[in-house]
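Turn these sequences into a full structure, and let the hints steer you where they fit.
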Amino acid sequence: MPGLGSIGLPELLIVLVIIIIIFGVGKLPEIGGALGKGIREFRSASQGLDTEEKSAEEKEEEEQKES
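Taking the numbering used here, the leading residue of the sequence shown gets 134, the next gets one more, and so forth.
Just so you know, these hints were derived from the structure itself, not from any lab. Computed from a prediction, not measured in an experiment: that's the story for all the values here. All residues carry an ideal CB built from backbone N, CA and C; glycine is no exception. You may find that some hints are simply not true.
Said to hold, decoys possible - Cβ-Cβ distance ranges computed for the label pairs, FRET-style: (1) R173 / L142: 21 to 27 Å; (2) K198 / A167: 43 to 49 Å; (3) I152 / E193: 42 to 48 Å; (4) E191 / I154: 50 to 56 Å; (5) P162 / E195: 33 to 39 Å; (6) I152 / E195: 48 to 54 Å; (7) I151 / G181: 33 to 39 Å; (8) E174 / E195: 29 to 35 Å; (9) I140 / E190: 32 to 38 Å; (10) T184 / I153: 37 to 43 Å.
What follows is the structure, given as C-alpha cells:
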C-alpha cells in the first residue's frame, strides 16, 4: 500500500488482530468512529492553518504593493 511507509498488509492484519483481542469485536465500531472523527478534525484544523498562512501572505503582498 503506497503512502504507509514500511507497513504492509501482514503488519496491518497483526495490528487488527491485537486490537480485536484487546478491545473485543463489540467495541470496534466505537473505536472506528472515534478514529474517523479525530482524522476529520485533524484535517479541518490543518486546512484552517493553510488558509490562515495564505491570507497572511496575501496581506503582506498587498502591503508591499502599497508601499
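Consistency of the hints with the structure:
1. R173 / L142: 21 to 27 Å: holds (25 Å)
2. K198 / A167: 43 to 49 Å: Hint holds: Cβ distance 47 Å, inside 43 to 49 Å.
3. I152 / E193: 42 to 48 Å: Given a distance of about 47 Å, which is inside 42 to 48 Å, the answer is holds.
4. E191 / I154: 50 to 56 Å: Since the Cβ atoms of E191 and I154 sit about 52 Å apart, the hinted range of 50 to 56 Å holds.
5. P162 / E195: 33 to 39 Å: violated (49 Å)
6. I152 / E195: 48 to 54 Å: Because 51 Å falls inside the window, the suggested range holds.
7. I151 / G181: 33 to 39 Å: holds (34 Å)
8. E174 / E195: 29 to 35 Å: holds (32 Å)
9. I140 / E190: 32 to 38 Å: Cβ of I140 to Cβ of E190: about 35 Å, so the range 32 to 38 Å holds.
10. T184 / I153: 37 to 43 Å: Taking Cβ atoms as reference, T184 and I153 lie about 39 Å apart, which means the hint holds.
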